[in-house]
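Numbering (our numbering), first residue to last: 1 to 304.
Treat each hint with caution, since some may be false.
As the list claims (entries may be wrong) - Pair by pair, the computed Cβ-Cβ distance ranges are: (1) 212 with 246: 25 to 33 Å; (2) 145 with 234: 49 to 57 Å; (3) 184 with 284: 21 to 29 Å.
By construction, these hints were calculated from the structure, which means they are not laboratory data.
Positions of the beta carbon are idealized from the N, C-alpha and C atoms, including for glycine.
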Amino acid sequence: MTTLSPVAMSDRLISNPFDDSAAVTNDPASPLDSSLQHHLSSLRRKHQAFKHTTLLGNDVNSEGTSGSRDGYSSSAASTWYGEEDHSDLNMLTEGDPYEEDGDEGSIQTESGWSNEHLTYLVSILFPDQFATNQIHFWPHLDTLQDLSGPIHLKLLNTVPQTPTPSFLSSSHPPIGTSRPSTLPTIASSHPLSHSPNHARQSLAHILLSNTTSIDSLCASYNIRATLYSLSDKRLFSLRRGMELMAQASEKEIRGRRRQLRGVGEEDELEVRIEVYLLWGLWELEGLRETIEDILVADRGLRME
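Could you put the whole structure together from the sequences, leaning on the hints where they help?
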């Protein structure tokens, strides 16, 4: 079992390593950095070509483990959703899947994926867990260079440990008085990565392989940024609409889902937010709290 003494990742990240001119701030009004959107788009295209020759070529289908959920293939990216770590599906070739030099928008650098690159990516993909230091790398990124042999890099979600019930405790071995909890694995690299760079690159590939979640994340950041540009009157209107939605019956929700199929980025903000809530992409209470925070935010953060 893994016992962590993690260093808070949010304390180490101060800037966007993909764009020297773009600074990362704690300003919730900042939209998803446009340069990162460009990089993610480039990597998604590369992933689609790479996936069919590696991930989907490792006899996944023959094992009966493939399938679909919400329109995407259930590959190793399923660990995004807190499922078990299926390391047998996290297979990457020994080569560099992003080796095309000179591709505009590529994140690949002379040294490959650095610690800063990977940490920045995680802070964008999992902002809430990152901000509260509930997500950590194991082994720690700053120790990778000191490791010998194959590296298996994991992204773990740290959870509060619950006390061991008294009836499971004993003063006699082998039962001790405390046992560390198993930490849920969000994603993991190739288990036999041959170098720190390969481990980081492998983990980044897995994190970016769920293109549905990446697209949803970009849309979510854009909507949140838009919320900061709204007047108080419109924010109050949105809040009232969410209060009414909370009272809707399951039948009403199903009917509304059917009505709003096909809604896209060109539609009204209120409709897009409703779609996010109806399909569970946002929690109603969480969005209500976001609006409350905006209403009391310093005017300097508002873009009215």
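Now for the hints, and whether the structure bears them out:
1. Restraint check, residue 212 to residue 246: a C-beta distance of roughly 26 Å satisfies the suggested window 25 to 33 Å.
2. At roughly 51 Å, the beta carbons of residue 145 and residue 234 sit within the given window of 49 to 57 Å.
3. Between residue 184 and residue 284 the C-beta distance comes to about 24 Å, which sits within the given range of 21 to 29 Å.
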